[in-house]
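What follows is the residue order along each chain.
Number of protein chains: 2
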Amino acid sequence: MYNLLVAQSGGPTAVINATLVGILQGAHTSSKVETVYGAKYGIEGVIEDDILNLNELMKDTQALATLKYTPSSALGTCRYKLKDWHMDEEPYRKIVETFYKYNIKYFIYIGGNDSMDTVDKLTQYCKIHKHDFVIVGAPKTIDNDLNLTDHCPGYGSAAKYIATTIAELERDTAVYNVPAVTVVEIMGRNAGWLTAAAALPRLNGGNGADLIYLCEKEFNIDRFIADVEEKLKQKNNILIAVSEGIKDKNGTYISEQMSSGAVDNFGHKYIAGAARALEKLVRDRIGCKVRAVELNLMQRAAAHIGSETDVVEAMLLGQKAFHSAMDGEGGKMAAIKRVSNDPYRIELITVPVDQVANHEKMVPLEWISEDGHDVMEEMITYLKPLIQGETNIQYENGMPKQYKLF
Amino acid sequence: MYNLLVAQSGGPTAVINATLVGILQGAHTSSKVETVYGAKYGIEGVIEDDILNLNELMKDTQALATLKYTPSSALGTCRYKLKDWHMDEEPYRKIVETFYKYNIKYFIYIGGNDSMDTVDKLTQYCKIHKHDFVIVGAPKTIDNDLNLTDHCPGYGSAAKYIATTIAELERDTAVYNVPAVTVVEIMGRNAGWLTAAAALPRLNGGNGADLIYLCEKEFNIDRFIADVEEKLKQKNNILIAVSEGIKDKNGTYISEQMSSGAVDNFGHKYIAGAARALEKLVRDRIGCKVRAVELNLMQRAAAHIGSETDVVEAMLLGQKAFHSAMDGEGGKMAAIKRVSNDPYRIELITVPVDQVANHEKMVPLEWISEDGHDVMEEMITYLKPLIQGETNIQYENGMPKQYKLF
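Line order of the protein sequences matches chains E and H.
For the first sequence, the numbering used here begins at 1 and goes up steadily by one.
For the second sequence, the numbering used here begins at 1 and goes up steadily by one.
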C-alpha cells in the first residue's frame, strides 16, 4: 500500500475544497491508499516538507459536508512556478525527497493552467529520472480558460454569483429617474467567460447588463462612448459589464494607465481598474452620473451563492482524478466532456496535461455579437446549465458554516 | 372610504419592498381603504402626478411573495428634499393637489432620515393649511442611523451580507503564505453600524476582520500603520474593515484626496475611496501586498443573502405604519423597541417623526474598543439577532426570482 498526496494551487474558488472532498471520498473507499497527506500552500509545501495527515478528516463525514461548501483552499495555495529542471533542479529534488519520505506514490494537484504546468514538468522529470510516481491534475479556475475540458469547476459558482449580482444591481440601479451609468468589472484574466454571465438575468425576463464587453474582442473607446450614448437614448439607467482584461487594438489593457505596473510570480500583469478607467471616461465624455463596481474577491469566494451543479462536478472531478491516479494515468488531468445541453449531461474524462498547461481557452468569437457589445445565444445556452441548483449550506448564527483545516 | 398612497425614497435596501408588501397586506385586510396607489420615484411622483394603482398587486399573493424578496425600490426612488414651504410652496401645492385628485387621505412614505424630514414638513404644512391628510413614515436604511428606533429595516440584511462576505474573504485571503493586507470599505455614511458587522464571523470561531475602524472615532493614519505592522507580526494575512466615512481629527474624510468633491441633492458629500486611500498608504509605508475591496452597491442590494428576521420586521413595520395611519397618527414613524436580546423580542411602536428627521444615530463610543480598532461585546450582542434566519427565496433558472412592477 502506498500513500496519496494532494495540494491546491492558484487563485481560490468556491468549490476547490469540493474537489478535495471528492479525492478524500475516493481514497476512503479504496483499498489502494493507506494515508492521504495534504501539502500546505501548494507545491511549496511539498518542497518545504510542510505536510498534514488528512486521514482523520477523511473519515469525518460531518467535517467533509461542511468543507465541501467552504470557499477557497483549505490547504492554502501558492503561485509558485517550477523552472525547467535543467535550469534549477533543486526544487524537483526536494519534491521527490518528500514523496519518498512519506511513501507517496500518487500526487494530485488541484489548480489552473499554471498548476497543470507543474504536473507536466514533474511528470517529465520523474519519467526521465525513473521515479515511479503517478502525478495527476484536477482542474480549478473561475476563469474557465482551461483547454480540453468543456468547463472548469469554480466557473459555474462564480457565474451564478455574477448572474445573481447583476440581477440585483439591475434592480438597484433602476430606481432613480435620472441618467446614470454603472460599470461592473468582472474577473477572468484574458478570457471573457465570466463576464458573459452578466447576460443570464435575461433568462428570467430581466435585461442583465445592457452592454457586455468581453476581452476577446478589441475594445474601442470611441465606439464604447457611442454605445453608451445610444443606450441612454433608450433608457435612463445603463448597466455595463466589462472584463478586467479588455484591451485596445494594440493589445494594451484599457486599465493600463491606472495599473501599478506590478507583475506576479508568473509574469502576469496586475490588471485592475478597467471599470474605473471607463468611469472616468464616461464622466469626462458624457458627464452623467457614473459609478464603477468591482466584483473583486467576492466573485471567487461567494460560496453562499454557489452552484450545486458546480459543487457536484467539482467533487466528481476529484474522484475521477483519484481513480485516474489509481489506474496509473500519470500526466493526465480529469476533465469534463459535455454530452448534451438539454437535458444537461456530461462525461468525466482524462486529458493529457501537456496540452492543458500554458494554454488559455478563449470565448469563441462567434459567441460574441458582431457589434462587440453583447453575447450570442450560444453563450447563454452553454452557460445556463452550469449555474443550476442551489447549495444546501448549513447556517450557524446567521452565517454559512465553514470548515477550517488550520 | 378613502384611498391610500405609498411611496419609497432614498437609497435601496434588500427589504424596502417587504415594507411595501406589509402596507399592502394591511390595506387588503382593512375596510377603511378602497384603493392603494403608489407614487413612482418617491415624492417626485406625487408632485408630478406619476401614480400607479396597486389594487391588482395587492390581491396577487404570488406576486407579493416574490416582491417581498426583491431588492431595491419597486416603485422607484428619489433624493428630493422639500424646501421650507415659506421659501417654495409650489411642490407642496402640487402634492396636495395629487392627494385630492386621487381622494387620498393616507400617505405612507418609506425612507430614511431625509424622507422623515419630508413626512414632517408635509405634516406641518397640512396642519397649518387645514388639510385633513394623515402622513406617516416607515423606516428604511442599511445605515441604521435613524433616531428613536432600535434598528432599521435593511440593516440586518446588509449586515448579514457583510458578515458572510467577510467570513468568505477571511478564507480567501488566508490562502497565501506571504504578508498581505486586504482593506474592505463598508457603507454607512457617518455611522459605523454596518462596518461593525465585520466582527460577526467571530461568533463562528473565525477572526472576522482583524482590524475594524468605525467612523465614530477619529482615524489616525500613523496609528493605523502601527496597528497593521503590529498585526503583521502575529499573522500573514490581515483583513481590515473600514467605514467609508472615516475622518481625521479635523473631520476631513480620509478619502478626501481621492473624492470627486461632488455633492448630492441633500448636500451630502460624495464619499468613496477610503479603502483605496488606505491601500495606497499601506503600499507606500509598509510595502507589502495590499488590495482594496469595496462592497459597493452589493451590500444594499444582496437580497439573496437577506436576513429573514429583517424581512419579517420590514413587513411588520409596513403593517404598523398602515395601522397608525388608519388610527390617524399623522407625523409619526413606525419603529422598533427591543424588549430583550436572548430570547430576541421586540415591540412595534410609533415615534414622532420630527425627532427622527435630520438626526443621525451613531454607534455609542463605549461599543468601540479603547484602542479604536475593534468593537466591544455589546456591539456584537446588539447585532447578532438581526442577521438570524435565512430567506426562503424562490429560484428560477439558477437565479433568485424577482418581481418587477414597471
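Quick caveat, the hints were computed from the structure, so don't treat them as lab data.
Keep in mind that the hints are not guaranteed to be accurate.
It does not matter which identical chain is meant; a pair holds if it fits inside one copy or across any two.
To be verified - EDC-like cross-link-like pairs, simulated, lysine to aspartate or glutamate; straight-line CA separation at most 20 Å:
| id | residue 1 | residue 2 |
| --- | --- | --- |
| 1 | 337 | 150 |
| 2 | 83 | 279 |
| 3 | 384 | 396 |
| 4 | 289 | 44 |
| 5 | 233 | 396 |
| 6 | 235 | 50 |
| 7 | 337 | 308 |
| 8 | 249 | 378 |
As the structure is a computational prediction, the values presented were derived from the model and not from experiment.
Query raised in the report: Checked against the structure, which of the hints given earlier come out wrong?
Result: The structure conflicts with hints 2, 5, 8, although it agrees with all the remaining ones.
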